[in-house]
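Visitor: Sequence:
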Amino acid sequence: PARAPSVDPSKRAFDEELSNEGRDIVAFSSDGESREEKARQAGALSQHVGVIAASFASQYCTLSMMTAFGVFVPALRDEFGIDLAAAESMVSLFIASTFLGSLVAGLLIPNRLRHVTVAAASAVLALAGYLCAASAARPWQVQATMGLLIGPGLGMANLAGLVAVNARVPGPLRAKAVGYATSGSFLGIMTLPTLLSALIHALGWRSALRAHGIASGALLLAAAATLRLVVRPQVGQAAGGAARPRSLPCVDARFLCWWCSVAVCFAGYFAPGTLTPTFAQEELGIPLLESSSTYIARGGASFLMALLLGKVVRACGGPLFAMALFMVANGILTALLAYTWDLPSLVTWAALHGFTTGPVISLMSVCLSDLFGVEHLARNQGISRVAVGIGSLGGPPALAALAEAVGFAASLALAGAFGVCASIFLWLLHCCCRSGGAAGATAVADLPVAQDVGSASCAGRATDAGEA
Numbered sequence: 377p378a379r380a381p382s383v384d385p386s387k388r389a390f391d392e393e394l395s396n397e398g399r400d401i402v403a404f405s406s407d408g409e410s411r412e413e414k415a416r417q418a419g420a421l422s423q424h425v426g427v428i429a430a431s432f433a434s435q436y437c438t439l440s441m442m443t444a445f446g447v448f449v450p451a452l453r454d455e456f457g458i459d460l461a462a463a464e465s466m467v468s469l470f471i472a473s474t475f476l477g478s479l480v481a482g483l484l485i486p487n488r489l490r491h492v493t494v495a496a497a498s499a500v501l502a503l504a505g506y507l508c509a510a511s512a513a514r515p516w517q518v519q520a521t522m523g524l525l526i527g528p529g530l531g532m533a534n535l536a537g538l539v540a541v542n543a544r545v546p547g548p549l550r551a552k553a554v555g556y557a558t559s560g561s562f563l564g565i566m567t568l569p570t571l572l573s574a575l576i577h578a579l580g581w582r583s584a585l586r587a588h589g590i591a592s593g594a595l596l597l598a599a600a601a602t603l604r605l606v607v608r609p610q611v612g613q614a615a616g617g618a619a620r621p622r623s624l625p626c627v628d629a630r631f632l633c634w635w636c637s638v639a640v641c642f643a644g645y646f647a648p649g650t651l652t653p654t655f656a657q658e659e660l661g662i663p664l665l666e667s668s669s670t671y672i673a674r675g676g677a678s679f680l681m682a683l684l685l686g687k688v689v690r691a692c693g694g695p696l697f698a699m700a701l702f703m704v705a706n707g708i709l710t711a712l713l714a715y716t717w718d719l720p721s722l723v724t725w726a727a728l729h730g731f732t733t734g735p736v737i738s739l740m741s742v743c744l745s746d747l748f749g750v751e752h753l754a755r756n757q758g759i760s761r762v763a764v765g766i767g768s769l770g771g772p773p774a775l776a777a778l779a780e781a782v783g784f785a786a787s788l789a790l791a792g793a794f795g796v797c798a799s800i801f802l803w804l805l806h807c808c809c810r811s812g813g814a815a816g817a818t819a820v821a822d823l824p825v826a827q828d829v830g831s832a833s834c835a836g837r838a839t840d841a842g843e844a
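Under our numbering, the first residue of the sequence shown carries the number 377, and numbering increases by one thereafter.
These are computed hints drawn from the structure, not numbers from a lab. Quick caveat: nothing in here was measured; it's all calculated off a predicted structure. Don't be surprised by glycine CBs; every beta carbon is placed ideally from N, CA and C. A hint or two may mislead.
[What the hints assert, rightly or not] So the derived label-pair ranges between C-beta atoms look like this: (1) R810 - E666: 47 to 53 Å; (2) G661 - A578: 19 to 25 Å; (3) G580 - A781: 38 to 44 Å; (4) R810 - A587: 51 to 57 Å; (5) W516 - A594: 24 to 30 Å; (6) W803 - A594: 41 to 47 Å; (7) N487 - R690: 32 to 38 Å; (8) L524 - A578: 39 to 45 Å; (9) E659 - L680: 26 to 32 Å; (10) P663 - F456: 18 to 24 Å; (11) V782 - A591: 39 to 45 Å; (12) L728 - N487: 41 to 47 Å; (13) E666 - R690: 34 to 40 Å.
Between the sequences and the hints, there should be enough to build the whole structure, so can you do that?
Guide: If you want it as structure tokens, here you go:
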């Protein structure tokens, strides 16, 4: 056999050194580009810090109250002598009316009223509701004020702030900005239950509710002052031109899959938050003030996930896949609540559960923007929150009645099954987007189109299929 040509050792060493220097240059170049890109994104995001901070404040006062109101359930039962199902119906009515208020805000913004007008009016409405509920003498009076004043007011304020962030921040930074804004709700989940439990213990539930209402109203009014956005023309409307009519997105199969997924998911989504104080008190013998530490653990985990939302979405391959994953994980952990045995295990469960609850809420507006565009996000978000209200109105009272009848294990297992089943509709939505069938293409002319570069929307893909 022929011998391999001999290579001078000095030449081999020189070649290896040159190769190493080349790799170092490439690594240094890529690191520099990465740092430059991060600096550019940070600078672009800093331009919208005002609207993000305002949405953060509104999220703190609105969405967190849906979970924190569970600390009032034992006090309401003792005050009015009602059972658990009746007390849970108050919370469910409050949650459902919150999302009904979101629908009203979605139909008003931005074509009829501006973001700042809706946010300011909702703050006054919620403040009046808190003061009336704190003076109620009958259970139906509490239900009426929560269903007609507090819930709609908080829902309108929540949507106005969140839509403002989605409308102002461009697509590549939207998930990160929404994560920062919605972290306010999880900070509220982490702090409000403990604060309200201490106020209830010291002053009574009426004074605690009154003090919280005044503070929330003042903060919402301050946040409303920063939501001054330029109203963009509707899709298909040039400057000074007339907009062509639009039909509701419900005629599109993709939006129907989305809507059904949200309705099924939220039938059991709020059940752990509202049932945890009663479960801890009756099943584990843990006082209300001690069980409020579970809210700190859940809120802290959700707060952390909200701050990392942009990275989580990229790791999961997109907002739709991330939402489906967290729906399944949330359902499994909801069922595991019944198998905690003491305060440390309950707090550990709450922390794990918090890692899954936060992204489900935060990703709703991101998914809607990515799938259907931002031009009619307020309307689409409002219609989606009707599904949230329907699920929240029927789910928690039925689950509470089931818990009293057969126990918490069966009730929480059913609540968890809702979350797992909801992901099936997201899988169907993904199949509709991939197929680009006639159902998606026929209605795409009536759907909003994303105006920002880099929004790989399902609506855009369906448009291409329809043109083809």
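Visitor: All the hints need checking, so say for each whether the structure fits it.
Guide: To see whether the hints hold, each was checked on the structure:
For R810 and E666, the Cβ-Cβ distance of about 49 Å falls inside the hinted range of 47 to 53 Å, so the restraint holds. Separated by about 23 Å at the C-beta atoms, G661 and A578 satisfy the suggested range of 19 to 25 Å. Checked against the hint of 38 to 44 Å, the C-beta distance between G580 and A781 comes to roughly 31 Å, which is inconsistent with it. The given range of 51 to 57 Å is respected by R810 and A587, whose C-beta atoms sit roughly 52 Å from each other.
Our hint of 24 to 30 Å for W516 and A594 holds, since their Cβ atoms are close to 29 Å apart. Take W803 and A594: their Cβ atoms lie about 44 Å apart, and the range 41 to 47 Å holds. Our hint of 32 to 38 Å for N487 and R690 holds, since their Cβ atoms are close to 34 Å apart. Our hint of 39 to 45 Å for L524 and A578 is violated, since their Cβ atoms are close to 29 Å apart.
Distance hint for E659 and L680: a CB-CB separation of about 28 Å, consistent with the stated range 26 to 32 Å. Under the hint 18 to 24 Å, the C-beta atoms of P663 and F456, about 21 Å apart, fit the expected range. At about 40 Å, the CB distance of V782 to A591 agrees with the hint of 39 to 45 Å. Distance hint for L728 and N487: a CB-CB separation of about 43 Å, consistent with the stated range 41 to 47 Å.
Between E666 and R690 the CB atoms are about 39 Å apart, so this pair conforms to the stated range of 34 to 40 Å.
When each numbered hint is compared with the structure, violations occur for hints 3, 8.
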